[in-house]
Structures are given as C-alpha cells and as structure tokens.
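Peer 1: Chain by chain, the residues run as shown.
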Amino acid sequence: AQSVAQPEDQVNVAEGNPLTVKCTYSVSGNPYLFWYVQYPNRGLQFLLKYITGDNLVKGSYGFEAEFNKSQTSFHLKKPSALVSDSALYFCAVRDAAAGFQKLVFGTGTRLLVSP
Amino acid sequence: DTGVSQNPRHKITKRGQNVTFRCDPISEHNRLYWYRQTLGQGPEFLTYFQNEAQLEKSRLLSDRFSAERPKGSFSTLEIQRTEQGDSAMYLCASSLGGSDNEKLFFGSGTQLSVL
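Order-wise, the sequence lines are chains A and B.
What the first sequence shows, in the numbering used here, is residues 9 to 123, in sequence order.
What the second sequence shows, in the numbering used here, is residues 2 to 116, in sequence order.
If you are wondering where the hints come from, they were derived from the structure by calculation, not from laboratory data.
Some hints could be false.
Some chain B residues judged to face chain A by a derived CB distance under 7 Å, without partners named [as the list claims (entries may be wrong)]: (1) 103; (2) 104; (3) 107; (4) 109.
List of simulated lysine-lysine pairs, BS3-like, C-alpha gap at most 27 Å [to be verified]: (5) 72/B - 110/A; (6) 104/B - 57/A; (7) 77/A - 30/A; (8) 30/A - 104/B; (9) 72/B - 85/A; (10) 77/A - 104/B.
Over 10 Å on every C-beta distance to chain A, these chain B residues come out as not near it, computed from the model [unchecked claim]: (11) 15; (12) 16; (13) 75; (14) 87; (15) 88; (16) 97.
Everything numeric in this text was worked out from a predicted model, so none of it was measured.
Even glycine gets a Cβ: it sits at the ideal position worked out from N, Cα and C.
Modelling step: build the complete structure from the supplied sequences, incorporating the hints.
Peer 2: Rendered as structure tokens:
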C-alpha cells in the first residue's frame with residue numbers, strides 16, 4: 009500500500025528566504041508524485057507533478073520539487089518565499105504499477121511566510 | 002473553464018438523516034473523484050468514475066455511502082443514516098484522460114456537520 013509522510017506540521021520562513029517543505033513516500037511500484045496547495049476557503053490547487061524523466065520538476069508560482077529515488081523523497085522548494093505563499097501544502101502519491109487512480113495524501117504542512 | 006462546482010457549500014443535519022451532495026465537474030473532464038477531508042488530515046480517497054462507470058471504491062465507503070454519475074456528467078454522493086463520524090469536508094475533483102489525467106481540479110467542497 010502506498011503512503012506519504014510530511015514530517016513537519018508547520019514551516020516558518022522569512023520573506024525572500026528559500027523554503028523547503030519535506031515529503032517522503034512509500035509505494036511498491038513506480039511512484040507518481042504530486043504537490044497540491046490549499047488556501048483558506050478555496051479548493052486544493054495543483055502545483056506540480058513527477059511522472060518520469062528529469063528528477064527536478066518545475067511547477068506553478070515558482071515552486072519546484074526534486075525526486076530522489078534512493079531517499080524516497082519529493083521535497084518542495086522555492087528559492088525566494090513570498091508572504092502570499094502562506095498556505096497548507098499537501099504531498100500525494102499514486103502507485104503507477106497498481107493500476108488504481110486513487111491518490112494518497114500526506115497530512116499537510118502549513119507554510120507561514122513572515123514579512 | 003468554470004471550475005468544479007459543489008453544492009451545497011455547507012450542510013448541517015441530524016444524526017440518522019440522509020444527505021446528498023452534488024458535484025459538477027469541468028465539462029470536458031471524463032474522470033471524477035470524491036475525497037473526504039477531516040480537520041488536520043489530508044484528503045482521503047472515496048471513489049472514482051470514468052465517464053458513468055464507477056471503477057474504484059475505497060473500503061472507507063461503507064454501505065451507507067453511494068455515489069452515482071448518470072450520463073457521465075454531474076455526480077451525486079449520498080450518505081444514508083448519517084453518523085457523527087461522517088462530519089467532514091467532502092471534496093470532488095475532475096480530470097482529463099490521457100497525458101493530463103494526473104492533474105486533478107478540485108472543487109471547494111461541501112462541509113458536512115452531523116449533530
């Protein structure tokens with residue numbers, strides 16, 4: 009069965025500093041990996057995905073994530089944080105080999121960017 | 002692209018009552034998903050439709066839950082004999098088939114409170 013761990017409930021960073029939100033995963037086959045963001049009173053929004061190919065994936069709003077197979081990680085990064093990046097971030101995984109469509113989400117990491 | 006629409010936004014009901022939620026996906030999307038999210042947790046997969054066919058159903062979906070997608074357009078999720086443990090945010094998402102099918106578009110959800 010697939011699973012995702014987001015070890016940090018909250019990440020605090022000052023505006024302009026780089027940010028990292030951590031995610032590790034477990035699947036029996038090849039992983040499809042995703043990051044979604046949830047703003048207050050709004051639905052989840054897709055940020056980026058890793059299916060295959062380059063380990064560094066670029067997504068919306070200047071975010072990127074690096075797939076590391078040996079460490080089973082898919083950390084979300086941004087070189088320079090904005091106050092408007094403050095939101096709840098979810099990592100998710102799908103087991104490509106299992107043939108199922110369901111995504112398994114982590115418990116989320118709240119990002120707080122201070123001015 | 003008018004987005005995924007869910008109605009109602011909020012539903013308060015008494016234990017034992019039946020409730021029904023509606024989801025209108027993005028019009029050209031043939032895939033539709035239901036997830037459930039409780040406070041402090043990530044979304045949990047409930048069920049998946051491709052067109053009108055319900056192809057996946059989580060073990061979380063007890064016999065009291067039923068979902069339909071007649072004609073492959075909108076979908077309804079019904080909960081019979083509601084219990085307090087059913088209180089959650091019910092999220093609907095849709096996606097295209099093909100290479101873009103991994104990007105889910107979520108609605109804002111229906112918040113269910115069972116008293």
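Peer 1: Given a cut of 7 Å on the nearest C-beta pair, is the interface hint for residue 104/B held or broken against chain A?
Peer 2: holds, 5 Å
Peer 1: Do the numbers back the hint for residue 103/B, that is, is its least Cβ distance to chain A under 7 Å?
Peer 2: holds, 6 Å
Peer 1: For the pair supplied as a hint, residue 104/B and residue 57/A, confirm whether the alpha-carbon distance does not exceed 27 Å.
Peer 2: Holds. Residue 104/B to residue 57/A sits at ~8 Å (cutoff 27 Å).
Peer 1: Quick one: work out the minimum CB distance from residue 75/B to chain A and report holds if it exceeds 10 Å, violated otherwise.
Peer 2: holds, 17 Å
Peer 1: Does the structure keep residue 77/A and residue 104/B at a Cα separation of 27 Å or less?
Peer 2: It holds: about 22 Å lies between the C-alpha atoms, which stays within 27 Å.
Peer 1: Given the hinted pair residue 77/A and residue 30/A, is their Cα-Cα distance within 27 Å?
Peer 2: Judged against 27 Å, a Cα distance of about 14 Å means the pair holds.
Peer 1: With the threshold set at 27 Å, check whether the alpha-carbon distance from residue 30/A to residue 104/B stays at or below it.
Peer 2: Status holds; Cα separation ~21 Å.
Peer 1: Regarding the assertion that residue 15/B does not contact chain A, is the least Cβ-Cβ distance greater than 10 Å?
Peer 2: About 26 Å separates residue 15/B from the closest Cβ of chain A, which puts it past 10 Å; holds.
Peer 1: Is it correct that the beta-carbon of residue 87/B has no partner in chain A closer than or equal to 10 Å?
Peer 2: The assertion about residue 87/B holds, with a minimum of 19 Å to chain A.
Peer 1: Does the no-contact call for residue 97/B survive, Cβ to all of chain A over 10 Å?
Peer 2: The claim stands: residue 97/B keeps its Cβ more than 10 Å from every Cβ of chain A (closest is about 12 Å).
Peer 1: Regarding the pair residue 72/B and residue 85/A, is the alpha-carbon distance no greater than 27 Å?
Peer 2: violated, 42 Å
Peer 1: Confirm or reject the statement that residue 16/B sits farther than 10 Å, beta carbon to beta carbon, from all of chain A.
Peer 2: Its Cβ never comes within 10 Å of chain A, the nearest being 27 Å, so this holds.
When held up to the earlier numbered hints, the structure conflicts with hint 9 and nothing else.
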